[in-house]
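Protein chains in written order, with our numbering: chain A, 147 to 622; chain B, 1323 to 1389.
Do not rely on the hints blindly, as some may be mistaken.
[Claimed, not checked] Computed spacing ranges between beta-carbons, pair by pair:
hint	chain 1	residue 1	chain 2	residue 2	range
1	A	Ser481	B	Glu1333	15 to 21 Å
2	B	Asn1359	A	Glu551	54 to 60 Å
3	A	Pro298	B	Ser1337	48 to 54 Å
4	B	Glu1341	A	Ser481	17 to 23 Å
Calculated from the structure, these hints are not laboratory results. Note that the Cβ used here is the ideal one computed from N, Cα and C, for glycine as well.
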Amino acid sequence: MYTYPLTLKRYTMNDLHWLTLKEASEKIQSNQLSPIEYTKALIQRTENIDPQLNAYIKTTPERALSDADKAMETIKQKNLTTPLTGIPYGLKDIIDVKGLITTAHSKILLDNVSKKNAFVTSKLESAGGVFMGKLALHEFAIGGPAFDLPFPPARNPWNTNYHPGGSSSGSGAAVASGMLPAALGTDTGGSVRNPATSCGIVGMKATYGRVSKAGVVPLSFSLDHVGPMTRTVEDNALLLNIIAGFDKNDPSTSSSQPVPDFTEFIQNGVKGLKIGLIRHFYTVDLQAETEMCNAIDKAAETFRKLGAIVEEVHVSPLSHFSSCNSIIMYSEALSIHENWFKTRPGEYSKATRTRLMPGLFIKGEDYVNALRTRTKLSQEINNLFKKFDLIMTASSMETACRIDEPETIARTYPRQARTVFNVTGHPACSIPTGLATNGLPLGFQIAGPYFKESLIYQAGWAYEQEKGFFKQHPEI
Amino acid sequence: MNKETTVMLDEIKKSGFTELVNDYTEEIITASKIALNLTKTMPRAHHMYDEPSNVYIPTNFEKIHNE
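Using the sequences and the hints given, assemble the complete structure.
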C-alpha cells in the first residue's frame, strides 16, 4: 500500500468531490493529489449522501482502494498513464464486471455473475480507472422508476423528491451529486441523455458503432449505445477517448473509422459554424414547458453571440421518429425477454412488464416497415449535414417530475426528442443550460454528422464556458 | 371482454404466454392499444417499392453516408 506524504493532504472533502475529471487527473499526474486520498474522499462522500439518493446498487470500496493503489504505483514507477489513471468511475449495472453480479436492477438477474468484463469495462480498467461500483437504473433499462424491485430507484440530487431521469438514473445522480466525476450509462431511446438533462450534467450518445456493446445486457440490439456521463464537456470527451473503438466481439463497431482525440479541437470555438435548429420538435410536434423552450432558444442565441450561424430547419414530425424507435425497440426487446416473459412474468416490475408488453402486438410487417422508415429518416437527418455542421434541438420537454407520481412520469417520459438520434445513429449530446425556477436543471441537445463527436464537443465546450453552469452544484 | 379481445388473448396464450395472460390481462389489453396506436402513427412505407433493398442495417450509414 502506498503511503502518501502528509504534506500533500491539503484538500478538504469539498474540494475533492467537485473536482472535474480533468482537474483531478492533472493533480494526480503532478503528484498534488493521491488517487488513494481522492478515492477515500469519494467513498466518504458516497457513504454520506447515497442513502438519500440510492444511486448505487453495489459499492465496491475495497476494489476501489485496490485500483487506487495500483494507479499510485503506476504513477510512482513513472509508467504510462492516461487521463483516467487514479480517477474513480461507476458503471450502470447493466455493464459486466468480471466476478460481480450484473443485476440490470432486476430480480430476474440477482444471480447473474459476470464471467468476464464488458469491452468498456476492460478499457476503463486498462486506462487505470478506479472502479467504485454498480449504479442503479430502470429495470433492464426500460422499466422505471419502480418501487416493486429488490433495489430502490435513484433520486435526483437537485431535489430528492424528483426523478433523476432514466434509464441510467444512478449514473446521472452519482455524477451530479459529486459521488463520481464520471460514469457510463446506456442509451436506447435517450437513457444517457435523459438523466444528463434531468441532473444537469453532460451525456453523450456517440455514433452507433463508436462504442462496443459487448458485455452489456441488451435492450434493443440496433438502438442500444453505451455512453459517457460527466459534469463537463471536456471530461466527457476524455472518457469517450478511453471507451471508443473497434471490438471484434461487437460486429456493429466501426473498424474503418479512426478514433481521434476528442479533445484535440475542443477549444476551437463555434465561430463560423452553421447550426440547424429543429425548433418544431419542441414548439409544434410537442410543446415544451415555457422555461425549457426559452432555455433552448437562448442556447441558440448564445451560439449566435459566439459567432455561429444558427438557422431554423424542418424535418419529419417527431412522432415519426419516436414511433419508429418504439416499434423497433419493442420488437427487439421482446425477442430478448421472450423466455422470461413466458416463465417469470411476475418477477418484473409492473413498469417493465407494461413497457415490454406492446412487443407482443408488433407484427413482422410493422417491424420491417419501421426499418424501412428508419432508412428514410436517417437519410433525412443526414441530409441536414450537407448544409449544417451541427444541429440542435430539445432533449426533454420539461424538467424532472416527482418520483412518486407514476401518472406524471408516464405522461412526461415520452415527451422528448432524443429517440431521433437512436433511430438515425447520429451522435448526440445533452448539455445543461441552468436551473428552472423550480430549482431543477434545464438542457438541450447538440447532434452531429456520423463520427463527428469532436465537433459536438467543440460546440458544447464553447457553450459551457460561456454559461459556466458546470460550476454550480446541488446542495446535498 | 368482447369476442375480439378473447381471441387475441387466446392467441397469445397459445404462443406460450399463459401465465402472463392469466395474471396480467388488463395490462395486456392496454399494451395492445399502445401497439396499435404506434403502428398507426408510423408513416406507411408501401410507397417505397422503388427501393427494394431499403431496409435499415445499422452500419449501412458508415458506407453510404460518409463517402
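Evaluated hints:
no., hint, in the structure
1, A:Ser481 x B:Glu1333: 15 to 21 Å, "18 Å, holds"
2, B:Asn1359 x A:Glu551: 54 to 60 Å, "23 Å, violated"
3, A:Pro298 x B:Ser1337: 48 to 54 Å, "34 Å, violated"
4, B:Glu1341 x A:Ser481: 17 to 23 Å, "19 Å, holds"
Going down the numbered hints, you'll see the structure goes against 2, 3, while the others check out.
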